[in-house]
Amino acid sequence: MLTWQMLTVVGIIFLLLEIFTPSMFFLNFALAAFICAPVSLFYANIYGLVVIFCVLSFVSFIFLRPILIKRFNKETETGMKSKYIGQVLKAEEDISDSQGVINIYGERWEARSDNGEFIPKGSDVKIIRNESIIMYVSKVGE
Numbered sequence: 003m004l005t006w007q008m009l010t011v012v013g014i015i016f017l018l019l020e021i022f023t024p025s026m027f028f029l030n031f032a033l034a035a036f037i038c039a040p041v042s043l044f045y046a047n048i049y050g051l052v053v054i055f056c057v058l059s060f061v062s063f064i065f066l067r068p069i070l071i072k073r074f075n076k077e078t079e080t081g082m083k084s085k086y087i088g089q090v091l092k093a094e095e096d097i098s099d100s101q102g103v104i105n106i107y108g109e110r111w112e113a114r115s116d117n118g119e120f121i122p123k124g125s126d127v128k129i130i131r132n133e134s135i136i137m138y139v140s141k142v143g144e
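Start counting at 1 in the sequence shown, then tack on 2, and there's your number in my numbering.
Please keep in mind that the hints were generated in silico from the structure rather than gathered at the bench. Computed from a prediction, not measured in an experiment: that's the story for all the values here. One or more of the hints may lead you astray.
Unchecked claim - Straight-line C-alpha distance at most 30 Å; calculated DSBU-like pairs for lysine-lysine: (1) K85 / K128; (2) K123 / K92; (3) K141 / K92; (4) K123 / K72; (5) K85 / K72; (6) K85 / K123; (7) K72 / K92; (8) K141 / K128; (9) K128 / K92.
Go ahead and model the full structure; you've got the sequences and the hints to work with.
Printed below as a string of structure tokens:
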């Protein structure tokens, strides 16, 4: 079997592995194999092709993988960062690092103390960040 055919088969195998393990890891090797296949028509040294394959895999892993992960990441932005971060609200219940409630536009939201301090009910709090549907707040200075 010719070298370019073997590299094409290796690329297809890596693509199949990528389909069954969607981690964008094997895609780098498949891309390197597919690039090495036509190169092998002009450069017949097997050791040189192995080096080219390794270099292309590394470069693809370093530069292409972050772009692909950002592009195809299934986690979606909630859009709440710019909408709620920085707002000052009243604590509906006592807030600690494990429990608490705030009210945003008439809706009840789970809240946690961002720095672990206890915040009594009725205190003014500022939203610092969110993780999913939990808002992390800090007490507004008195």
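Evaluation of the provided hints:
no.	hint	in the structure
1	K85 / K128	13 Å, holds
2	K123 / K92	8 Å, holds
3	K141 / K92	10 Å, holds
4	K123 / K72	40 Å, violated
5	K85 / K72	22 Å, holds
6	K85 / K123	24 Å, holds
7	K72 / K92	36 Å, violated
8	K141 / K128	6 Å, holds
9	K128 / K92	9 Å, holds
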